[in-house]
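Visitor: Protein chains in written order, with the working numbering: chain A, 694 to 1360; chain B, -5 to 116.
Think of the hints as simulated: they come from the structure by calculation, not from any bench.
The structure displayed is predicted, hence computed values, not measured ones.
For each residue, glycine too, the CB sits at the ideal point set by N, CA and C.
Among the hints, erroneous ones may be present.
Here are some of the chain A residues that sit facing chain B, going by a computed Cβ distance under 7 Å [to be verified]:
hint : residue
1    : Ala702
2    : Ile706
3    : Val708
4    : Leu712
5    : Lys771
6    : Thr1278
With a straight-line cut-off of 30 Å between C-alpha atoms, the simulated DSSO-like cross-links for lysine-lysine are [unchecked claim]:
hint : chain 1 : residue 1 : chain 2 : residue 2
7    : A       : Lys872    : B       : Lys43
8    : A       : Lys1281   : B       : Lys54
9    : B       : Lys66     : A       : Lys1281
10   : B       : Lys104    : A       : Lys861
11   : B       : Lys66     : A       : Lys1205
12   : A       : Lys783    : B       : Lys10
13   : A       : Lys1281   : B       : Lys43
14   : A       : Lys1318   : B       : Lys43
15   : B       : Lys10     : A       : Lys891
16   : B       : Lys104    : A       : Lys1281
17   : B       : Lys42     : A       : Lys1075
18   : A       : Lys1068   : B       : Lys42
19   : B       : Lys10     : A       : Lys963
20   : B       : Lys0      : A       : Lys1205
21   : B       : Lys10     : A       : Lys1318
22   : A       : Lys707    : B       : Lys43
23   : A       : Lys1335   : B       : Lys42
24   : A       : Lys822    : B       : Lys43
25   : B       : Lys0      : A       : Lys1335
26   : A       : Lys1318   : B       : Lys104
27   : B       : Lys104    : A       : Lys1279
28   : A       : Lys1279   : B       : Lys66
29   : A       : Lys697    : B       : Lys54
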Amino acid sequence: MKKKEYVDAVNEIKVDNDLKERTINKITQSKKHKNIYSILASSIIVFVIVISIAIPMINNKNKVTPIEIVEQNNGLPKLENFENLYNIMKNKSSGLYETNGSFVSFTDSAASSETSSSEFEKDEDDYSKTNVQVDGVDEADIVKTDGSYIYYITSGEIIIVNATELKKVSEISYNEDEKFNPLELYIRNNKLIVIGQKENNYYDDLMAVDTIYPIQRDSHTTAKVYNIENKANPKLDREVEIEGSYISSRMIDDNVYFIADKYIYTYIFKADIEKLDEEMFKPKYTDTVIGNEEKCLQYNDIYYFPESDDTSYLNIAGFNINNNEKANINTYLGAGSDIYSSQKNLYITRVEYEDEDERVYGYYNNYDVNTYIYKFKLEDSKATYEKAGSVPGKVLNQFSMDEKDGYFRIATTDSQSWNSKTDTNNLYVLNENLETIGKIENLAKGEKIYSVRFMGNRAYMVTFVETDPLFVIDLSNPENPIVLGELKIPGYSKYLHPYDENHIIGFGENTKTNQYGGVVTDGMKMALFDVTNPSSPKELYSVDIGEKGTYSEILNNHKALLFSKEKNIIAIPISISEEEGNYRTKLKFQGAIVYGLDLDKGFNLKGTIAHMQITDGYIDYDYTKEVERIIYINDSLYTLSKGLIKSTDINTMQEQGILEIELESDE
Amino acid sequence: MEYIDKNRYLERMVEKYSDMIYRLALVRTRSRENSEDVYQEVFFRLAKKLPQFESEEHEKAWLIRVTINCSKNLLNSNYLKYKSEMKEDITFETKERHDIYYAVEELPLKYRTIIHLYYYEN
């Protein structure tokens, strides 16, 4: 009785829209002009009102399944003309609880799986490479090395550093007008490829604003190719720019593929079609190989995913860094969020929530979650759409997917409602046509997948709610995946990395129950699992690092790991905290922690490398000295933070030298 | 690597958690004015830190934690404001709701928070 009344009472308290708008304005840093502000205010109010009407609207239920539509059309249908776009957009309810995708984060998500054939090949080069998911498919990162030079993105520019001398030889910076923010890079032979975003707030400079086009933030994603034959003088070779915010990219041989997502505000389509300028909604791009002028795609070039509720353009660009052929740009209406790429195919997934019931306290009551998978063949810098498929549930990140011998394997967590007790976990095997031919469902009911790793004919899956079962799944018969074994341990792994065919390293967290019966994290943990006998996997060794509050980027981003079996190095950046009284934690250390691993003796701590001393928690914390990556060249470890690069001898763990980086002033 | 338009993300977060944060701030500070300050501060911190959340529970827990911290900081620095009583300026549809809300509001801070988080936020 009491609870209901209290809840009802609290429900009556609402945040007024004025406060919301003010807050949104402040945190999204849009420029404020008096008259613009009122337009923005009214448009946000309109937006909010539209949303609150749109959300309870029942989705247009087609009797034909979306995959059937695709098949009928011999592929994806095209938009053909602006009227079609208009009609599609008009019918979509774009709530702020958009269904475009599973958890997105601002950096990579962790967990890599590798194709079995070249998994344990010995590296000929004596320098570290980015920890990628698939051999032969490079992933961009904030730092790369070619064994002699280090290329690193720090405070809006790229610096090229001679590694042995620890001296900066050049830098690539961007002036304010360009508004280009470099995000990650690739290097290949004598080329450096930088991918970044440009933000344009087109309309906030206009004094007289048409109420149909209120302030929109317009992001563009650009790939810039530099010739770095002369390290002291990098030369911009080529630029390819597409609309939208950067989702991800891959590089296979000399071909770069990058993807951006451009959001379209649906409330604009509430206006009459005559009032809208169809040119505005054509996807635009630039390719310096063709020229400097902006080009646009026509409506009969744009494909759409029929079942998608999403109102974004997914722009995919592919180009070869060495030839002067024009880039291949494709646009699809309907977005995607997670991608997985093998050497031959790119898979883009999209989560769709169906059959939503009324919202209760912001959470949908009963729904179906499905992940749609779109397969694109990658060849000669062209990404060609091939097939679509779907499976129940949603993926965790790129490591939830894997391709082997043409089969596509995907692990999902399926929920029926916001109550996580109905969660189940599944693994599906799809053939080349993305038809499900094998599956395991209903694993670990009530738990969610925390990490997945595909290694050849096996899959390792970690689910968790209170204890962590590590499942070993056999995939040698694609039509019949079987759970071979299970290991239940407290804590969980967020990232699984193969050590060799029979051993896996898990990076994760310890957990404990607090005094209220809830499960909380209790420091980080690194463990070695022995899966020689898959029906009884074992935890051979484990190391506890820090206490509650301890965090490392490896928990969310596989690229933060430096691992070399040959050099016997496992290094991650980490912030180590300790508990201090109830609820409180105190930071004790930030830097790199370096371990060796011996199958007979376990993990041994080689040492730590820090760029700053932590004396009093986060007081005086210097973010420019926060170690974010570790790489090695020959026998030196290089730790990188925005303001400093340090070189340490791998064997003695003695400091060899430092390079201070001059930073621009903060934004 | 997943990137999403930062501004869109922030707008979404404001829409999603506005009420939750404001209501919790109100329970802690018992003042609309202070709650507005706390509300803004929480979103500033989110925008500045942009933490990566492992799950929705984690996301929510982080925001609750920050709301409680900000409320605490605000009250510590605004000791005098805190001393003044909360005006009965929130109106409710039924007397029962009015009575129970203000009854809970009378309780000491720790108990108010527990009741609010337990009953309302689970």
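Visitor: Compare the structure with each hint and give your call.
Guide: For each hint, the structure was consulted:
1. Ala702: At about 4 Å, which falls below the 7 Å cut-off, the nearest Cβ of chain B leaves the hint on Ala702/A intact, so it holds.
2. Ile706: Ile706/A check passes; min Cβ-Cβ to chain B is 5 Å, inside 7 Å.
3. Val708: Holds, about 4 Å.
4. Leu712: This interface hint holds because 6 Å falls under the 7 Å limit.
5. Lys771: Lys771/A check fails; min Cβ-Cβ to chain B is 26 Å, beyond 7 Å.
6. Thr1278: violated (11 Å)
7. Lys872/A <-> Lys43/B: holds (21 Å)
8. Lys1281/A <-> Lys54/B: holds (26 Å)
9. Lys66/B <-> Lys1281/A: Distance of about 24 Å is within 30 Å: holds.
10. Lys104/B <-> Lys861/A: violated (55 Å)
11. Lys66/B <-> Lys1205/A: holds (27 Å)
12. Lys783/A <-> Lys10/B: holds (24 Å)
13. Lys1281/A <-> Lys43/B: holds (19 Å)
14. Lys1318/A <-> Lys43/B: holds (16 Å)
15. Lys10/B <-> Lys891/A: Roughly 27 Å separates the two Cα atoms, so the pair holds.
16. Lys104/B <-> Lys1281/A: holds (29 Å)
17. Lys42/B <-> Lys1075/A: Roughly 38 Å separates the two Cα atoms, so the pair is violated.
18. Lys1068/A <-> Lys42/B: Judged against 30 Å, a Cα distance of about 36 Å means the pair is violated.
19. Lys10/B <-> Lys963/A: Roughly 24 Å between the alpha carbons, so the hint for Lys10/B and Lys963/A holds.
20. Lys0/B <-> Lys1205/A: violated (34 Å)
21. Lys10/B <-> Lys1318/A: Given that 30 Å is the threshold and the Cα spacing comes to 34 Å, the pair is violated.
22. Lys707/A <-> Lys43/B: holds (26 Å)
23. Lys1335/A <-> Lys42/B: holds (17 Å)
24. Lys822/A <-> Lys43/B: holds (28 Å)
25. Lys0/B <-> Lys1335/A: holds (21 Å)
26. Lys1318/A <-> Lys104/B: violated (38 Å)
27. Lys104/B <-> Lys1279/A: holds (23 Å)
28. Lys1279/A <-> Lys66/B: holds (18 Å)
29. Lys697/A <-> Lys54/B: holds (22 Å)
In summary, the structure is inconsistent with hints 5, 6, 10, 17, 18, 20, 21, 26 from the numbered list given earlier, while agreeing with the others.
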